[in-house]
Amino acid sequence: GQNIDQPTEMTATEGAIVQINCTYQTSGFNGLFWYQQHAGEAPTFLSYNVLDGLEEKGRFSSFLSRSKGYSYLLLKELQMKDSASYLCAVRDGDYKLSFGAGTTVTVRA
Amino acid sequence: GAVVSQHPSWVICKSGTSVKIECRSLDFQATTMFWYRQFPKQSLMLMATSNEGSKATYEQGVEKDKFLINHASLTLSTLTVTSAHPEDSSFYICSVKDRGETEAFFGQGTRLTVV
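Top line first, the protein sequences correspond to chains A and B. So in this note's numbering the end of the first sequence lands on 109, straight run, no missing numbers. So in this note's numbering the end of the second sequence lands on 115, straight run, no missing numbers.
To be clear, the hints were calculated from the coordinates, so they are not data collected in a lab. One or more of the hints may lead you astray.
Unchecked claim - Coverage of chain B stretches by chain A, computed from C-beta distances (three or more under 8 Å per stretch; other residues unrestricted):
id : segment
1  : 40–52
2  : 108–114
Claimed, not checked - Simulated restraints on C-beta separations:
id : chain 1 : residue 1 : chain 2 : residue 2 : range
3  : A       : 44        : B       : 45        : 16 to 22 Å
4  : B       : 17        : A       : 57        : 18 to 24 Å
5  : A       : 38        : B       : 80        : 26 to 32 Å
6  : B       : 8         : A       : 59        : 44 to 50 Å
7  : A       : 106       : B       : 55        : 39 to 45 Å
Said to hold, decoys possible - Below 20 Å or equal to it, Euclidean Cα-Cα: the simulated DMTMM-like pairs (lysine to aspartate or glutamate) are:
id : chain 1 : residue 1 : chain 2 : residue 2
8  : B       : 55        : A       : 94
9  : A       : 81        : A       : 41
10 : A       : 57        : B       : 65
11 : B       : 41        : A       : 41
12 : B       : 64        : B       : 22
13 : B       : 66        : B       : 103
14 : B       : 41        : A       : 82
15 : A       : 76        : A       : 94
16 : A       : 68        : A       : 92
17 : B       : 41        : A       : 5
18 : B       : 55        : B       : 87
19 : A       : 81        : A       : 5
20 : B       : 20        : B       : 65
21 : A       : 68        : A       : 82
22 : B       : 20        : B       : 103
23 : B       : 14        : B       : 59
24 : B       : 41        : A       : 9
25 : B       : 55        : B       : 65
No residue lacks a Cβ here, since even glycine has one placed at the ideal position from N, Cα and C.
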């Protein structure tokens, strides 16, 4: 199975940068995903890492270290609309996703 | 990316009745679909893996006789919550595995409320 940990809540100011950490312990690894989820809606894909290193995608970047079982999602130039829950998910060899509990990010003006 | 349509978006039903939720892959053939459940302020939990033409594989603790999954075609999987009870009230989401893609595609989700 998978054990995925991420902080419960984070608060930041509009225009700032926030980093959401995720650590995992897995019985099989086939990629790590970050999703954004607004209340009452389905998750939307943000990023995917399968090799070590940094993947940059506009204001969002994601980093992976497989040897450390560690990833982070970096949100830059925060906007009010970025207030949401951010889910770290690990995929196993059967393409099943195991999700962390999610980090609720609140952006203040 | 793939387009996944889930229906209905929300449903309210009486305790003891059954509810069917559909998940359709609109632009490609999906041999595998996944069903997740999410309780308020909690993360998504995988319930079962739906395989076209064969029986679904259920995760530990999920009652297969209560949550019936049918994957009769390459574009449609259904989840039927049988004899629903208030504790089954949750957000149910399907996702589709698209071979070669680097992301899982999610349906819009179904908010089930059992009264």
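Consistency of the hints with the structure:
{"no.": "1", "hint": "40–52", "in the structure": "holds (count 6)"}
{"no.": "2", "hint": "108–114", "in the structure": "holds (count 3)"}
{"no.": "3", "hint": "A:44 with B:45: 16 to 22 Å", "in the structure": "holds (19 Å)"}
{"no.": "4", "hint": "B:17 with A:57: 18 to 24 Å", "in the structure": "violated (44 Å)"}
{"no.": "5", "hint": "A:38 with B:80: 26 to 32 Å", "in the structure": "holds (28 Å)"}
{"no.": "6", "hint": "B:8 with A:59: 44 to 50 Å", "in the structure": "violated (34 Å)"}
{"no.": "7", "hint": "A:106 with B:55: 39 to 45 Å", "in the structure": "holds (43 Å)"}
{"no.": "8", "hint": "B:55 with A:94", "in the structure": "holds (16 Å)"}
{"no.": "9", "hint": "A:81 with A:41", "in the structure": "holds (14 Å)"}
{"no.": "10", "hint": "A:57 with B:65", "in the structure": "violated (43 Å)"}
{"no.": "11", "hint": "B:41 with A:41", "in the structure": "holds (12 Å)"}
{"no.": "12", "hint": "B:64 with B:22", "in the structure": "holds (17 Å)"}
{"no.": "13", "hint": "B:66 with B:103", "in the structure": "violated (29 Å)"}
{"no.": "14", "hint": "B:41 with A:82", "in the structure": "holds (18 Å)"}
{"no.": "15", "hint": "A:76 with A:94", "in the structure": "violated (33 Å)"}
{"no.": "16", "hint": "A:68 with A:92", "in the structure": "holds (17 Å)"}
{"no.": "17", "hint": "B:41 with A:5", "in the structure": "holds (15 Å)"}
{"no.": "18", "hint": "B:55 with B:87", "in the structure": "violated (25 Å)"}
{"no.": "19", "hint": "A:81 with A:5", "in the structure": "violated (24 Å)"}
{"no.": "20", "hint": "B:20 with B:65", "in the structure": "holds (14 Å)"}
{"no.": "21", "hint": "A:68 with A:82", "in the structure": "violated (28 Å)"}
{"no.": "22", "hint": "B:20 with B:103", "in the structure": "violated (26 Å)"}
{"no.": "23", "hint": "B:14 with B:59", "in the structure": "violated (26 Å)"}
{"no.": "24", "hint": "B:41 with A:9", "in the structure": "holds (12 Å)"}
{"no.": "25", "hint": "B:55 with B:65", "in the structure": "holds (12 Å)"}
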